[in-house]
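There are 2 protein chains.
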Amino acid sequence: MTIQKERVGIIGSGNWGSAVAKIIGENVQKHPETFEYPVRQWVFEEDYKGQPLTKVINESHENPKYLPGIRLPNNVQAEPDLIKTCEDCTMLVFVLPHQFVRGVCDDLQGKVNPSVKAISLIKGLEIKPDQVTLFSQEIGRRLHLTHPVAALSGANIADEVAKERFCESTIGCTSAQAGELFHRLFATPYFRINVIGDPVGVELCGALKNVVAVAAGISDGLGYGDNTKAALIRIGLMEMRKFAKSFFGGVEDVTFFESCGVADLITTCAGGRNRRVAEAFAKTGKPIDVLEKEMLNGQKLQGTLTAMEVHQFLTHHQMTKAFPLFDAVYRVIYEKAPLDTIVRNL
Amino acid sequence: MTIQKERVGIIGSGNWGSAVAKIIGENVQKHPETFEYPVRQWVFEEDYKGQPLTKVINESHENPKYLPGIRLPNNVQAEPDLIKTCEDCTMLVFVLPHQFVRGVCDDLQGKVNPSVKAISLIKGLEIKPDQVTLFSQEIGRRLHLTHPVAALSGANIADEVAKERFCESTIGCTSAQAGELFHRLFATPYFRINVIGDPVGVELCGALKNVVAVAAGISDGLGYGDNTKAALIRIGLMEMRKFAKSFFGGVEDVTFFESCGVADLITTCAGGRNRRVAEAFAKTGKPIDVLEKEMLNGQKLQGTLTAMEVHQFLTHHQMTKAFPLFDAVYRVIYEKAPLDTIVRNL
Numbered sequence: 001m002t003i004q005k006e007r008v009g010i011i012g013s014g015n016w017g018s019a020v021a022k023i024i025g026e027n028v029q030k031h032p033e034t035f036e037y038p039v040r041q042w043v044f045e046e047d048y049k050g051q052p053l054t055k056v057i058n059e060s061h062e063n064p065k066y067l068p069g070i071r072l073p074n075n076v077q078a079e080p081d082l083i084k085t086c087e088d089c090t091m092l093v094f095v096l097p098h099q100f101v102r103g104v105c106d107d108l109q110g111k112v113n114p115s116v117k118a119i120s121l122i123k124g125l126e127i128k129p130d131q132v133t134l135f136s137q138e139i140g141r142r143l144h145l146t147h148p149v150a151a152l153s154g155a156n157i158a159d160e161v162a163k164e165r166f167c168e169s170t171i172g173c174t175s176a177q178a179g180e181l182f183h184r185l186f187a188t189p190y191f192r193i194n195v196i197g198d199p200v201g202v203e204l205c206g207a208l209k210n211v212v213a214v215a216a217g218i219s220d221g222l223g224y225g226d227n228t229k230a231a232l233i234r235i236g237l238m239e240m241r242k243f244a245k246s247f248f249g250g251v252e253d254v255t256f257f258e259s260c261g262v263a264d265l266i267t268t269c270a271g272g273r274n275r276r277v278a279e280a281f282a283k284t285g286k287p288i289d290v291l292e293k294e295m296l297n298g299q300k301l302q303g304t305l306t307a308m309e310v311h312q313f314l315t316h317h318q319m320t321k322a323f324p325l326f327d328a329v330y331r332v333i334y335e336k337a338p339l340d341t342i343v344r345n346l
Numbered sequence: 001m002t003i004q005k006e007r008v009g010i011i012g013s014g015n016w017g018s019a020v021a022k023i024i025g026e027n028v029q030k031h032p033e034t035f036e037y038p039v040r041q042w043v044f045e046e047d048y049k050g051q052p053l054t055k056v057i058n059e060s061h062e063n064p065k066y067l068p069g070i071r072l073p074n075n076v077q078a079e080p081d082l083i084k085t086c087e088d089c090t091m092l093v094f095v096l097p098h099q100f101v102r103g104v105c106d107d108l109q110g111k112v113n114p115s116v117k118a119i120s121l122i123k124g125l126e127i128k129p130d131q132v133t134l135f136s137q138e139i140g141r142r143l144h145l146t147h148p149v150a151a152l153s154g155a156n157i158a159d160e161v162a163k164e165r166f167c168e169s170t171i172g173c174t175s176a177q178a179g180e181l182f183h184r185l186f187a188t189p190y191f192r193i194n195v196i197g198d199p200v201g202v203e204l205c206g207a208l209k210n211v212v213a214v215a216a217g218i219s220d221g222l223g224y225g226d227n228t229k230a231a232l233i234r235i236g237l238m239e240m241r242k243f244a245k246s247f248f249g250g251v252e253d254v255t256f257f258e259s260c261g262v263a264d265l266i267t268t269c270a271g272g273r274n275r276r277v278a279e280a281f282a283k284t285g286k287p288i289d290v291l292e293k294e295m296l297n298g299q300k301l302q303g304t305l306t307a308m309e310v311h312q313f314l315t316h317h318q319m320t321k322a323f324p325l326f327d328a329v330y331r332v333i334y335e336k337a338p339l340d341t342i343v344r345n346l
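So the sequence lines, in the order shown, correspond to chains H and G.
Residue numbers for the first sequence follow my numbering, beginning at 1 and rising by one.
Residue numbers for the second sequence follow my numbering, beginning at 1 and rising by one.
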């Protein structure tokens, strides 16, 4: 009897997707007994200086558009065809902006082996007034997968990971066997992985942290000191935990001690665009959409968006009072409440 | 039957002691049904511009030497006599440098009501190769107190607290009734107090955090990014928890989610002298004692001292390997190990 090796496909090729492709390509070569050599990466085809980006990547072994200066392993093959990328794959890594998830899943319907082991590195949630959708669950449902989809999240700035700076990340996976495979696929001496059994908690942390970062930015903008900021980070972490435990089953306290919890929150509240734009909001009084134009070339800020969605969701469940920090961020950003509301009624 | 009111004494009058005296004096006035109006504060008598410091404080209602520019409430009375300060007190607040604790306790032997409710705001531990001494327990033992001594610790930079900037703190107290009294004594709208049942965990956090701050400073000195620093803070928090649970009973996981745990650690690793000196150590290669002279006017750095004591203690218990970050800090500072040891073998 021969053991079938795992064939890995990566869906997405942005900054984070490219950093992850480097790690996956290297680990696949390190474990030939476990993985097949080639790793296909779906790259949304676009023009790069007059050439197709996939051609540039496959010839230069670098993604000059989204991760310039970082060499990608030879076994990572950029592939413009989504279906072809996933063909025969036994493991799929979803690492793309959340607004593309549904379209990609629709294109993949019936084309993916239902027993594939999938993991989501997608940041963000879809929050409707009456429900919260996790993209990992959305992927599993739309592709009719038999295993629950895992999630990876942590204090991981793509460029620092690509430069092999030491950091940690957390994988939430309900299957011990799949968890071990994902650990082999992602873990390196500089990219430390803890595998835990709580994918929901891992994924929720990755989205809710941005609301807390907005509070931290407002605190910075007001010139409050390290004490106040640390208090807001701590209270924010506790509201993230309360939110997760109030509306989802199986979320564990220890998850918030992991890289996806406390560590990612610290990083996001130290640097990070959400903190930065919120600081400018507090200092200049300019509306967020103006600052998005000025500071993010019109890109939407995730933290304020999530704050509004969370507010609508909590209002629907009549639970805004149970989350005073989330509520304060919403009221400061969208209801012109005084800035120091973020440290009131906590 | 008349209910006896609480008479509060404060032992210590440095920067933190003075900030705390302001809060206590105000809260005592807010709760006349609970506390007697006068609050005596023991001030080590010294000369201030030709006058006794106690006289200056009592006339100006300000401690110009240790907390200039902050008004102290009228009911706070600076008292040069330690015994007189504690006379008839039913509540005692110990807020002095740890090297003075034993001397003060010796002077107070037999002079303090054994049923007094005492709380320690003292930072640091006495770690000998074979045992760790908590100052709260040391105080209780030396004064033969009948109630366990409580502990207060949190992300509290004295000057920011004195300026009434929002922050949090944690009180560890095994008695619910005493805990409620301490809450009434310390809590304000800008100084938020959580009372928990784990005084040992609270006190340990306040000392061990400084070892982690040294690691954070070395990381900064090496130019590592936010990811790495957040990882070191998280791993440090987990080693603090492991140390507390390995060598002390009754320590709870949740304690490390409190202000004394994660929040104080974040503040200490963001600013703070331990981080700053360690950063200079990594950048200049100068020995710590030279940097102490240059940066701290010869004062000893707590974090490196604690790192050595912890190392001796762990060596005695043959458990250095179980605390790779604490061990790495010791080896980098005292054994000339390469700086990047702090991110190896974690």
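Calculated from the structure, these hints are not laboratory results.
Worth double-checking, as some hints may not be accurate.
Intra- or inter-copy, both count: the list cannot distinguish identical chains.
[Stated by the list, open to error] For lysine-lysine, the following BS3-like pairs were computed, each having C-alpha atoms within a straight-line distance of at most 27 Å:
#1 K336 - K49
#2 K336 - K163
#3 K163 - K283
Computed from a prediction, not measured in an experiment: that's the story for all the values here.
To see whether the hints hold, each was checked on the structure:
1. K336 - K49: neither (45 Å within a copy, 50 Å between copies)
2. K336 - K163: between (41 Å within a copy, 26 Å between copies)
3. K163 - K283: So K163 and K283 pass the 27 Å test across copies only (21 Å; inside, 34 Å).
Checked against the numbered hints listed earlier, the structure breaks hint 1 alone; every other hint is satisfied.
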